[in-house]
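Q: Build out the structure end to end from the sequences listed, making use of the hints.
Here is how the chains run, residue by residue.
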Amino acid sequence: MEETTEAHMISLMKDPVSRDKGFLQLMDSYKEPIYWHIRRLVVSHEDAEDILQETFIKVYRFSDSFKGESRIFTWLYRIATNECTKHFRKNKRWIDKAVKIKEGMTGEWTGSDSEDGDAILVKFQHAILQLPEKQRIVFNMRYYDELSYEDIGQILDSSVNTLKTNYHYASEKIKQYLIDHA
Amino acid sequence: MNTEFKEIGRKSTYKVPDGFFEKVSEKTLLMAKQREQNHRNMIITLRTFAAAASLFAFALIGYFILKPETKQIVQVKQTEVKQEIPKKAEINEQKTFTETTKVAPVKTITKATSPEELTDILADLSDDELLEMAAVYKSDPFIEESQH
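Chains as they are written, first to last, in numbering that gives the first Met the number 0: chain A, 0 to 181; chain B, 0 to 147.
No lab work stands behind these hints: they were computed from the structure.
Do not rely on the hints blindly, as some may be mistaken.
Cut-off 25 Å, straight-line C-alpha distance, at most; resulting in silico cross-link-like pairs (DSS-like, lysine-lysine) [claimed, not checked]: (1) A/Lys133 with A/Lys172; (2) A/Lys96 with A/Lys30; (3) A/Lys133 with A/Lys96; (4) B/Lys22 with A/Lys172; (5) A/Lys57 with A/Lys30; (6) A/Lys91 with A/Lys13; (7) A/Lys96 with B/Lys10; (8) A/Lys30 with B/Lys66; (9) A/Lys20 with A/Lys30; (10) A/Lys122 with B/Lys14; (11) B/Lys22 with A/Lys133; (12) A/Lys96 with B/Lys32; (13) B/Lys14 with A/Lys85; (14) B/Lys22 with A/Lys13; (15) A/Lys57 with A/Lys122; (16) B/Lys32 with A/Lys57; (17) A/Lys96 with A/Lys85; (18) A/Lys57 with B/Lys22; (19) A/Lys99 with B/Lys10; (20) B/Lys137 with A/Lys85.
The structure presented is a predicted model; accordingly, all values stated were derived computationally and were not measured.
A: So this is what it looks like as structure tokens:
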């Protein structure tokens, strides 16, 4: 997304007359990447929908406080990631729910042509779910969203070196999981 | 670009209900507006509550400021009364004392019948009292008349 478009959407949102229009433009531009970021972290669609809405409600409410020091997508990722972290703290047993959903998915694919490919995909995502919270977030942002370490650093308030270490450990653990469950 | 796990790829295994992305923006906007309205209402309620609470606090402070003063007044009045009561008692005691000292000799003289009793009473009297009695005796015309 171009910075001029981002700035335009923010200026629309800061004007009470065009606030709703600016909000809808912003949400239409970012709802899908933010939804998938959330969904990969919480697994359940219902939870992802709630967190996505909560994220954009916060954006609507606090749009005046956005000073433009960072890019708008890093701000959105930051709010969404914080909401996910809050969700993990509130629902201690969310991981059990996520694993059940994953097992349900494996059942759905049995007998399909792409059984082998999907099975390894499910195993891979199982492996990601076993990671510690920080490593899981960093791995998802880097692997799936293809964000740079600098952007992830802005989102998570971490140094690039720490993030590289987190990603490295996450990759090693996933590889080991795939070997163990081959 | 990250080249690890190339054979797995970035394909997602998750499914999204049909039409979810089309509806979610409008739905979220409505929720955001509703939330903002609720927030405003809550602020109004909180401000009203705060105003009521501060009024109550003022009233309470006023009550506690005034209450000790009334207590002090009562205490002062009570101490005054207490101080007055002993004075009255003292006065009564003093009065009774003076009455007894003045009246007793007269009563004893009037009631005395035998000469021994009269000499005992006179022996108890001081010189001043005897002089006083003598003066009364001389000045009182009825005493002489009654003796005659």
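Q: Does the structure break any of the earlier hints, and which numbers would those be?
A: Of the numbered hints given earlier, those the structure breaks are 4, 6, 8, 11, 12, 15 and 20, listed in rising order.
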